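Asks: The residues making up each chain are set out below.
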Amino acid sequence: MAIIAKRPDSLREVSFTYCPGCMHGVAHRLIAETVDELGLKNQMTGVAPVGCSVFAYKFFDFDMAQAAHGRAPAVATGMKRARPEMNVFTYQGDGDLAAIGTAEIVHAANRGEHISVFFVNNAIYGMTGGQMAPTTLPGMKTTTSPYGRDANDIGYPVRVCELLNTLEAPYYIERVSLLSVPEIIKAKKAVQKALTYNKEGRGFTFIEFVSTCPTNWGLDPVKSQQWAKENMIPFFKPGVFRDKGTEGGQK
Amino acid sequence: MGNKVLMKGNEAVAEAAIRSGCRLYFAYPITPQSELIEYMAKMMPKVKGTFLQAESEVAAINMVYGAAGMGKRVMTSSSSPGISLKMEGISYLAGARLPAVIINVQRGGPGLGDIQPAQGDYFQATKGGGHGDYRLIVLAPSSVQEFADMASDSFDLADKYRVPVMILSDGLLGQMMEPVEFKEYKTDKEIEELGKQHYDWCIHTNEDGKGHHHNEINSLEIDPNVLERHVLNLEQIYKEIEKNEVKHEEYNINDNNEFVCVAFGTAARIVKSAIDDLNAEGRNIGLIRPITVWPYPYKEIAKTIHGNVKRVFVFELNLGQMVEDVKLAVNGKVPVEFMGKVGGLVFTPEEIKEKIKAYL
Ligand SMILES: Cc1ncc(C[n+]2csc(CCOP(=O)(O)OP(=O)(O)O)c2C)c(N)n1
Ligand code: SF4
Ligand SMILES: [Mg+2]
Numbered sequence: 001m002a003i004i005a006k007r008p009d010s011l012r013e014v015s016f017t018y019c020p021g022c023m024h025g026v027a028h029r030l031i032a033e034t035v036d037e038l039g040l041k042n043q044m045t046g047v048a049p050v051g052c053s054v055f056a057y058k059f060f061d062f063d064m065a066q067a068a069h070g071r072a073p074a075v076a077t078g079m080k081r082a083r084p085e086m087n088v089f090t091y092q093g094d095g096d097l098a099a100i101g102t103a104e105i106v107h108a109a110n111r112g113e114h115i116s117v118f119f120v121n122n123a124i125y126g127m128t129g130g131q132m133a134p135t136t137l138p139g140m141k142t143t144t145s146p147y148g149r150d151a152n153d154i155g156y157p158v159r160v161c162e163l164l165n166t167l168e169a170p171y172y173i174e175r176v177s178l179l180s181v182p183e184i185i186k187a188k189k190a191v192q193k194a195l196t197y198n199k200e201g202r203g204f205t206f207i208e209f210v211s212t213c214p215t216n217w218g219l220d221p222v223k224s225q226q227w228a229k230e231n232m233i234p235f236f237k238p239g240v241f242r243d244k245g246t247e248g249g250q251k
Numbered sequence: 252m253g254n255k256v257l258m259k260g261n262e263a264v265a266e267a268a269i270r271s272g273c274r275l276y277f278a279y280p281i282t283p284q285s286e287l288i289e290y291m292a293k294m295m296p297k298v299k300g301t302f303l304q305a306e307s308e309v310a311a312i313n314m315v316y317g318a319a320g321m322g323k324r325v326m327t328s329s330s331s332p333g334i335s336l337k338m339e340g341i342s343y344l345a346g347a348r349l350p351a352v353i354i355n356v357q358r359g360g361p362g363l364g365d366i367q368p369a370q371g372d373y374f375q376a377t378k379g380g381g382h383g384d385y386r387l388i389v390l391a392p393s394s395v396q397e398f399a400d401m402a403s404d405s406f407d408l409a410d411k412y413r414v415p416v417m418i419l420s421d422g423l424l425g426q427m428m429e430p431v432e433f434k435e436y437k438t439d440k441e442i443e444e445l446g447k448q449h450y451d452w453c454i455h456t457n458e459d460g461k462g463h464h465h466n467e468i469n470s471l472e473i474d475p476n477v478l479e480r481h482v483l484n485l486e487q488i489y490k491e492i493e494k495n496e497v498k499h500e501e502y503n504i505n506d507n508n509e510f511v512c513v514a515f516g517t518a519a520r521i522v523k524s525a526i527d528d529l530n531a532e533g534r535n536i537g538l539i540r541p542i543t544v545w546p547y548p549y550k551e552i553a554k555t556i557h558g559n560v561k562r563v564f565v566f567e568l569n570l571g572q573m574v575e576d577v578k579l580a581v582n583g584k585v586p587v588e589f590m591g592k593v594g595g596l597v598f599t600p601e602e603i604k605e606k607i608k609a610y611l
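Keeping their order, the protein sequence lines are chains Y and V.
Each step along the first sequence adds one to the number in the working numbering, with nothing skipped, and position 241 is 241.
Every position in the second sequence, counted from 1, becomes a number in the working numbering once 251 is added.
The shape of chain Y in the complex, shown without the other chains (with noise of 0.2 angstroms):
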C-alpha cells in the first residue's frame, strides 16, 4: 500500500493541545514538513512561546526551548549565537510577539539574527481565554473590548510585517493566510523559503500567517474563516514584504 500522506517526521507523536479547527496544528506542521523535506532534523531547534502554542517543544522532535512571554527572540539569539551551526526559529502568537515581546522582536530583526520567526496572527489572546490582542481589529468584541476595540481609545492594530520592513536588515518578510487550501499551499511555499534561507544562513526571516481562533471568536471554524477573510484580510493584506533573494530585492 502506498503511503500518500504521513506524520512528517519532525512531529513528534504527541497528541496537539489545540482546539478543533485551529490553525496552530496547520502552522506546526507546515514548519515540520519543511524541515523533513530540507533534510534540517538534525540540526534544527526552535523556540516555543507563551499562548496557546506554548506546548510547541513537545510537538518538534528536535531539541526546543520554551521562552517567558514574548522573549522568544532574545532567547533564539542567545541560542543561535551559541551554536550557530544550528537552526533556530521562534512560533509566536500576536500578544507575545507584538504587544509584550515588541522590543525583542524589533531588534532581533533589525540586528539581523540569522533565524526564522513564525508568527500566528489570530487577532486575539487564545490561551488566556480571547483578551484583546495589539492585532484585534476596530471594532472586535474581545473579553477586555467588550464593547469592541475603539481604535480612538487604544489605538489601531498592529502590522508587524509593516513594521519590521521599515529595518534594514531584515532578508525575507512575507504575510501568508492559513484561510483556504491554495492559501495554505502558497504559505508552504513561504515556509520552505524562510528555511531555505535559514539553512543558507542567509539573515532574518520573518514568516506572519494570519490565522483564526474559532473558539474564542464564538464561531465555527468554516465561519471563522470567512471571517477572518472579510475583516482580517484587508487590514492585513497578503504580500511579500522583502526579499533579499530575488532580484531586485524587495517586491
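FYI, nobody ran anything at the bench for these hints, they're computed from the structure.
Please note that the accuracy of each hint is not assured.
Claimed, not checked - Each pair of labels, with its calculated beta carbon distance range: (1) V/LYS440 x Y/TYR156: 51 to 61 angstroms; (2) Y/GLY148 x V/PRO361: 39 to 49 angstroms; (3) V/LYS490 x Y/ASP150: 53 to 63 angstroms.
None of these values were measured; they are calculated from a predicted model.
By construction, the Cβ of each residue, glycine as well, lies at the ideal position given by its N, Cα and C atoms.
Start from chain Y and add chain V with the ligands according to the hints.
Replies: Chain V with the ligands alone, transformed into the frame defined by chain Y:
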C-alpha cells in the same frame, strides 16, 4: 600566573570570566558596571567569543537563557535597576535548571537611586527577587582579587548544580583598582569538554552519532503533581548546595572575642580596619564575613557565639537586610546591633568604632 596587574574590579571579573571559558556575554550598559560591558566588547572578539549589547536587560537575560540552554558558559552583568529587569529571566533560568552567571554591581536605590556603592539588593539576591520557589547561589566579593576569582568559581558552581549563580558586588568594588593575579586561560579544547558535560540535557545537533534526542529547555509543568516533583527536586539540589558550598572568612575570631561583627563585601573591608584599630587598643573583636550570602553561614556564625561574646554587630550599606539572617543564626543568644548607611554613602571606620564603643 604570578603576574600581578592593577585593574578595576569590573575589568578584572570580565577578564577572569573569559579565562574561565566564558565565550558568550550579553548585557546592557549601566553605571557603575559599564567598564565590565566595555571590557567584554573589547576582549570577546579577540577570543572569538560573542559580545552582544542587548536592547534591554530583559533581552540580555533571555539571551543568556538561550545560550545556557545550548550548554555553553554564558554571563551577563548589570547594576541594581537592570538586575530588577532581569528577575523574570532569572526565575526562568532557575526553573529550567540552567547554569549561568549574573553579576550585580550594586548601586543606591530604590528606583533610579544613584550610582554610588550600596548593598540594598541583598534581599532581592538571596530571598528571591523573581517569582516562585528558587534560590541563586550568591557570592559576595570583598576585593578585586576575590571578585575575579569568583568568576571561575561561579561558572564551576553553575555547571556543577545546574543553577544560576550571582556575584553580588557593588560600585566600589567595580570601580576600585587593586592588584590582581589571574588563572591561566582555559584552552579551546577544555572549553569544548566543559560544554559536553551538558550533552544529556542541553540543545545540540543530532549529529553526534549517539542516537536521536529530544531535549527540552523548559520551566513549564502544567500538571501540579509533576511540578511538585520538579520543585521538590530543586529543593534537594538547594539542600546539597547548603551542605557543600557555604563559604565565609573569619577575621580575628577566637575563644576570647567580646564582640563579633558580621559584614559582607565592601562593608566588611571597612569593618576590618575599624576592628584593627580597636584591637590595637586592647579589645578583642572578631569579624565574620559571609562569602556566600546564599547559602548563608548560619552555623558558622552560631559557632562563634560562645560565653564571652556579649554582643553581635552587623554593618551593611542598606537599612538592615542581612541582619535578619544574622539574627536567625544568633537565635537570641546575645543582642544583635545594626548599623547601616544608605544613599550610596559608605561608613568610615570612625563611625563603626563609635557604634561599637557605645557598648563598651
Ligand atoms: C509575563 C506574562 N504575562 C502574562 C501572561 C499570561 N498570558 C499567557 S498567554 C497570553 C496571551 C497569548 O496570546 P497570543 O500570543 O496571541 O497567543 P495565542 O494564544 O493567541 O496563540 C498571556 C497574556 C504570561 N504567561 N506571562
Ligand atoms: S483557543 Fe484559539 S488559538 Fe488557542 S487552541 Fe483554541 S482555537 Fe487555537
Ligand atoms: Mg493570538
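Asks: With reference to the structure, classify each hint as holding or not holding.
Replies: For each hint, the structure was consulted:
no.	hint	result
1	V/LYS440 x Y/TYR156: 51 to 61 angstroms	holds (56 angstroms)
2	Y/GLY148 x V/PRO361: 39 to 49 angstroms	holds (41 angstroms)
3	V/LYS490 x Y/ASP150: 53 to 63 angstroms	holds (54 angstroms)
Checked against the numbered hints above, the structure violates none of them.
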